[in-house]
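A.B. asks: Listed below, chain by chain, are the residues.
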Amino acid sequence: MTDLKLPPAMAELRPSLPAIVAQGQERAPYFSVLLSNRHSLEIVVNNREERVTERPPYAGTVLSAFDGLTMHERAVGGFSQADVQKAAKELVRGLQSGKYIPQDVPSRSGDFATQVRIDPLDLTVQEKLDRCRELHRRAKGLDARIVNVQILYRESNEHSVFADRGTDTAQRVQRVILYLFVFVAGEDGQVRYNWKSKGASAGWEALEFSDEEVRKVIASAVALLGAERIEPGEYQVVSAPGVSGVICHESFGHGVETDMFLKQRARAAHFVDRTVASPLVNIYDDPSRAGAYGSYFFDDEGLMAGPTQIVENGAFRRGITDFYSATALGIPRSANGRRQDYSRKAYARMSNTFFGPGSSSLEDMLAQVDHGIYLDKWSSGMEDPQGWGIQVTCHYGHEIKGGKITERVFAPIGISGYVPDVLQSISAVGSELALEGGGCGKGHKELIAVASGGPHLLMKARLG
Amino acid sequence: MMLDKITQALKARSELAGWSVRHIITREAQVYLVGHQVEAQRAVDDERYRIEVFRQTTAPDGKPGMGVGEISMLPGGNVQAAVDKASLVAGLVANPVHSLPAPAPLPDVPLLDEDLKKDSLGALKNVTDGMLAAASKHGEVRLTSAEGFAEVNTIRHVNSRGVDAEQEMTNVNLEFVLQSKQGDREVETFREFGRRRASDLNVQVEVDHNARLTLDLMEASPPSNWQGPVVLRDNALVTFVAGDHLTAGVLQTLGSASAKYAKVSNWEIGQSVFRGEVTGDPLTVWANRCIPFGIASNRFDEEGQPAKRVELIRDNMLVNFSASQRYADYLGLSPTGAFGGVELPPGKWDAASLMSKPYVEIALFSWFNPDNITGDFATEIRLGYLVENGVRKPFKGGQLIGNYLDALADVRWSSETGFLGHYLGPTTARFGNLKIAGD
Numbered sequence: 001m002t003d004l005k006l007p008p009a010m011a012e013l014r015p016s017l018p019a020i021v022a023q024g025q026e027r028a029p030y031f032s033v034l035l036s037n038r039h040s041l042e043i044v045v046n047n048r049e050e051r052v053t054e055r056p057p058y059a060g061t062v063l064s065a066f067d068g069l070t071m072h073e074r075a076v077g078g079f080s081q082a083d084v085q086k087a088a089k090e091l092v093r094g095l096q097s098g099k100y101i102p103q104d105v106p107s108r109s110g111d112f113a114t115q116v117r118i119d120p121l122d123l124t125v126q127e128k129l130d131r132c133r134e135l136h137r138r139a140k141g142l143d144a145r146i147v148n149v150q151i152l153y154r155e156s157n158e159h160s161v162f163a164d165r166g167t168d169t170a171q172r173v174q175r176v177i178l179y180l181f182v183f184v185a186g187e188d189g190q191v192r193y194n195w196k197s198k199g200a201s202a203g204w205e206a207l208e209f210s211d212e213e214v215r216k217v218i219a220s221a222v223a224l225l226g227a228e229r230i231e232p233g234e235y236q237v238v239s240a241p242g243v244s245g246v247i248c249h250e251s252f253g254h255g256v257e258t259d260m261f262l263k264q265r266a267r268a269a270h271f272v273d274r275t276v277a278s279p280l281v282n283i284y285d286d287p288s289r290a291g292a293y294g295s296y297f298f299d300d301e302g303l304m305a306g307p308t309q310i311v312e313n314g315a316f317r318r319g320i321t322d323f324y325s326a327t328a329l330g331i332p333r334s335a336n337g338r339r340q341d342y343s344r345k346a347y348a349r350m351s352n353t354f355f356g357p358g359s360s361s362l363e364d365m366l367a368q369v370d371h372g373i374y375l376d377k378w379s380s381g382m383e384d385p386q387g388w389g390i391q392v393t394c395h396y397g398h399e400i401k402g403g404k405i406t407e408r409v410f411a412p413i414g415i416s417g418y419v420p421d422v423l424q425s426i427s428a429v430g431s432e433l434a435l436e437g438g439g440c441g442k443g444h445k446e447l448i449a450v451a452s453g454g455p456h457l458l459m460k461a462r463l464g
Numbered sequence: 001m002m003l004d005k006i007t008q009a010l011k012a013r014s015e016l017a018g019w020s021v022r023h024i025i026t027r028e029a030q031v032y033l034v035g036h037q038v039e040a041q042r043a044v045d046d047e048r049y050r051i052e053v054f055r056q057t058t059a060p061d062g063k064p065g066m067g068v069g070e071i072s073m074l075p076g077g078n079v080q081a082a083v084d085k086a087s088l089v090a091g092l093v094a095n096p097v098h099s100l101p102a103p104a105p106l107p108d109v110p111l112l113d114e115d116l117k118k119d120s121l122g123a124l125k126n127v128t129d130g131m132l133a134a135a136s137k138h139g140e141v142r143l144t145s146a147e148g149f150a151e152v153n154t155i156r157h158v159n160s161r162g163v164d165a166e167q168e169m170t171n172v173n174l175e176f177v178l179q180s181k182q183g184d185r186e187v188e189t190f191r192e193f194g195r196r197r198a199s200d201l202n203v204q205v206e207v208d209h210n211a212r213l214t215l216d217l218m219e220a221s222p223p224s225n226w227q228g229p230v231v232l233r234d235n236a237l238v239t240f241v242a243g244d245h246l247t248a249g250v251l252q253t254l255g256s257a258s259a260k261y262a263k264v265s266n267w268e269i270g271q272s273v274f275r276g277e278v279t280g281d282p283l284t285v286w287a288n289r290c291i292p293f294g295i296a297s298n299r300f301d302e303e304g305q306p307a308k309r310v311e312l313i314r315d316n317m318l319v320n321f322s323a324s325q326r327y328a329d330y331l332g333l334s335p336t337g338a339f340g341g342v343e344l345p346p347g348k349w350d351a352a353s354l355m356s357k358p359y360v361e362i363a364l365f366s367w368f369n370p371d372n373i374t375g376d377f378a379t380e381i382r383l384g385y386l387v388e389n390g391v392r393k394p395f396k397g398g399q400l401i402g403n404y405l406d407a408l409a410d411v412r413w414s415s416e417t418g419f420l421g422h423y424l425g426p427t428t429a430r431f432g433n434l435k436i437a438g439d
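Line order of the protein sequences matches chains A and B. Anchor point for the first sequence: position 53 equals 53 in our numbering, and the numbering is continuous, going up by one each time. Anchor point for the second sequence: position 312 equals 312 in our numbering, and the numbering is continuous, going up by one each time.
Just chain A, with the same shape it has in the complex (with noise of 0.2 Å):
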């Protein structure tokens, strides 16, 4: 028996979802009910000071009636069967039950837990403290130019029960995310900064930072006080995984979410079956794998998790859909309907979004490059799906000279172009995958926890 350590209230009101739906069902040809609890805490020390937040939690039921047209909701703060009867006969009145028949999906049931060695909730919040602390104190002595070092560790416990006709599941899904910032200053007083994290479903076993990866990110921080801003141009660029995985997010992550094929805001949507990409590109999105940020065990509209090819061998094959725009388009569903939180409406969102590894190794791709830059660390991206115009800020990059890096640095990088030709260019694909964990938003808002990455790319891109 999986213990979730469901809250009090969700486990109380969990064995009345049944007749809720079934009440629901008189009136509408499909209705679900959602309990969403979505605690976090978070943990900030710097050599100034230090902050314990427990994060204002999210916590509410939704209900859900649709009609063949309409998604009709009601979201409702708190547990209380009463305020939820209530609230799902009010969503029901007055809908007519329409010619819609909902798809039979197999029935579901169980109930699963992110596995943990080192549980956040086993620990107290000053244990998760001393550890913070600890990683601050190995930090902040190592380079005179510091001026601060900040340690955020944020943890979100994530408790979720659905119900529909044939689905009875709950989950918990336990994510942890540490974050070491390094700010330095330079004689004429500029601040620089760098930073490194280790995200994960996971507990604090995901979180050691090595003595290399501290030294690592204040050595960057301190080259940064020297980058130059980077000649405009076509380069032939070396990607670092997470930046190979913030080009695979913008590109086919957010270009084939299928509620923007119904909006037919996603070009992709012409494109099914059809090269979009070098043939060594693959690309998927993956709720199922174990351990990465963005997992999770079924989606916000109770479909069971598993993995979706998007790209194969460089032709796009599917998108990744939510419940509403897979039934208004006639495609098989994949898990990921997601919500930003019970208050808000679910999309189709990615969960892990990945390019597949391949055969080179880094030398061999760098041993290519006679004059180019190696894309170390990203900060920003925003998709594009109609245009498929590609918006990358790199946090820095170094110059390849002779198939090596050098210790020249340029500050901030953008990437820029037209995605099919970006991922046409890629020659050479790394055969080491690494995900990075993070959020997302959907345009400007609608915020959920993702992973993605990738193995080191070898391509061209407009730099800037």
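By construction, these hints were calculated from the structure, which means they are not laboratory data. Treat each hint with caution, since some may be false.
What the hints assert, rightly or not - Here are the simulated DSS-like pairs of lysine-lysine, each with C-alpha atoms no more than 25 Å apart in a straight line:
{"#": "1", "chain 1": "A", "residue 1": "K445", "chain 2": "B", "residue 2": "K125"}
{"#": "2", "chain 1": "B", "residue 1": "K435", "chain 2": "A", "residue 2": "K377"}
{"#": "3", "chain 1": "A", "residue 1": "K86", "chain 2": "B", "residue 2": "K117"}
{"#": "4", "chain 1": "A", "residue 1": "K140", "chain 2": "A", "residue 2": "K86"}
{"#": "5", "chain 1": "A", "residue 1": "K404", "chain 2": "A", "residue 2": "K445"}
{"#": "6", "chain 1": "B", "residue 1": "K85", "chain 2": "A", "residue 2": "K5"}
{"#": "7", "chain 1": "B", "residue 1": "K348", "chain 2": "A", "residue 2": "K140"}
{"#": "8", "chain 1": "A", "residue 1": "K445", "chain 2": "A", "residue 2": "K198"}
{"#": "9", "chain 1": "A", "residue 1": "K216", "chain 2": "B", "residue 2": "K263"}
{"#": "10", "chain 1": "A", "residue 1": "K86", "chain 2": "B", "residue 2": "K118"}
As the list claims (entries may be wrong) - Computed from the model, here is a short list of chain A residues facing chain B with C-beta under 7 Å:
{"#": "11", "residue": "A75"}
{"#": "12", "residue": "K263"}
{"#": "13", "residue": "S278"}
Because the structure is a prediction, the values reported are computed rather than measured. Yeah, the Cβ is synthetic: ideal placement off N, Cα and C, and Gly gets one too.
Got chain A sorted already, so can you dock chain B onto it with the hints?
C.D. replies: What follows is chain B alone, placed relative to chain A:
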């Protein structure tokens, strides 16, 4: 009443040096459209209490310290357990001692759309109906999707020093996508914005403007390299100067006392905010939470500080940091409260004169998000124009490259001003020398 229970429980705790509670009630209507079809319609109710407790603690060096514990709870939650937990957390850290805001008169900042308060779904449907009607007038452009959100927020803030304040505010947010198609070529524009009042959305004007941009995008080709004057107007200018809700913005970051205390801002009061010579108009900026119906306005902020209009920068010199009580105490400053909206004075140039010689205008960014500490940016251009000899040639792609502060050191501002959500100031600016990396 739950709030009374919480305050009674807090008053009974002798170990606490202070506390505050925010009772937040939110009602929201949401409408999602695919074309003219309602994809989803949602109603959201939320109520919560945000509790902050302060404890005297002792730093490792023996000096008096202070810890803060924050916790949120839902109605019907266990008050004693929540206070216990917050108090326990507050006892774990020892930051320098600071005070809480004291009671003070609150300005009367208008924040409420009465119609929206009475019927948020009805008000929202009026907005979306207006948007659909406006879009239907454009034959070559169609609205493919839209989302609307109308929210009523009631916040009561009490603290151990006697602050007891309440504010009610509304927000209405709209996003829509316009597309145009000619043969195989399809283009779209996306607009997302919010106001406190539905009438301030100016839906007809927004749809008409974005329809024009959509048609121009159809004609756009990749840009060539450019270095020289760049003009920004209206929404593009607001995004550049004041940031968007995803990023705090350079002014808000470097002008904050918390960043100064953390030593990540190198700004000094009485010194220029620029790193070099100022060749454009002198810069004056207010951090203003009193802009009527401004989306960053309020009567009091999260700490309970009354809204103020704070002179941040006067003629290029930093005058004040934006400071919460805590960081004001740490740095020996007067507290100003949260930053609020960005206000700039009218410039001395009429907009037409700023657009008289050849220049590039950027109308749409992919996402303008400069590094908020260094000010450096490299951002993709969704739509721009090369304007020469009275001809506006649209382009798409390439990157605008530069540094935020260097750009503001070489800019001329228009005398025409406008209110755009979290910005009040000139509606046109001509930056003297920015670089565009073309394709």
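A.B. asks: Hey, A:K445 versus A:K198, does the alpha-carbon distance stay inside 25 Å?
C.D. replies: 24 Å, holds
A.B. asks: Double-check A:K263 for me: the hint is only fine if its C-beta lies closer than 7 Å to a C-beta in chain B.
C.D. replies: 4 Å, holds
A.B. asks: Is A:K140 close enough to A:K86, meaning Cα to Cα at most 25 Å?
C.D. replies: Distance of about 55 Å is beyond 25 Å: violated.
A.B. asks: Given A:A75 was flagged as interface, is its beta-carbon under 7 Å from a beta-carbon of chain B?
C.D. replies: Where the cut-off is 7 Å and the nearest Cβ of chain B is about 4 Å from A:A75, the hint holds.
A.B. asks: Would the hint linking B:K348 and A:K140 be met if the CA-CA limit is 25 Å?
C.D. replies: The given pair, whose Cα atoms are some 48 Å apart, is violated under the 25 Å limit.
A.B. asks: Measure nothing beyond the straight line between the CA atoms of A:K86 and B:K117; if it is 25 Å or shorter, mark the hint as holding.
C.D. replies: 23 Å, holds
A.B. asks: B:K85 and A:K5 were given as a pair; does the straight-line alpha-carbon distance stay at or below 25 Å?
C.D. replies: OK: B:K85 and A:K5 at ~19 Å, within 25 Å.
A.B. asks: Min Cβ distance, A:S278 to chain B: is it shorter than 7 Å?
C.D. replies: 20 Å, violated
A.B. asks: Given the hint that A:K216 pairs with B:K263, does the C-alpha gap stay at or below 25 Å?
C.D. replies: 22 Å, holds
A.B. asks: Decide if the proposed pair is consistent with the structure: A:K404 and A:K445, CA atoms, cutoff 25 Å inclusive.
C.D. replies: 40 Å, violated
A.B. asks: Between B:K435 and A:K377, does the CA-CA distance stay at or below 25 Å?
C.D. replies: 23 Å, holds
A.B. asks: Below or equal to 25 Å on CA atoms is what counts here, so check A:K445 against B:K125.
C.D. replies: At roughly 21 Å apart (the allowed maximum being 25 Å), B:K125 and A:K445 satisfy the hint.
Consistency with the previously given hints fails for numbers 4, 5, 7 and 13, ordered from lowest to highest.
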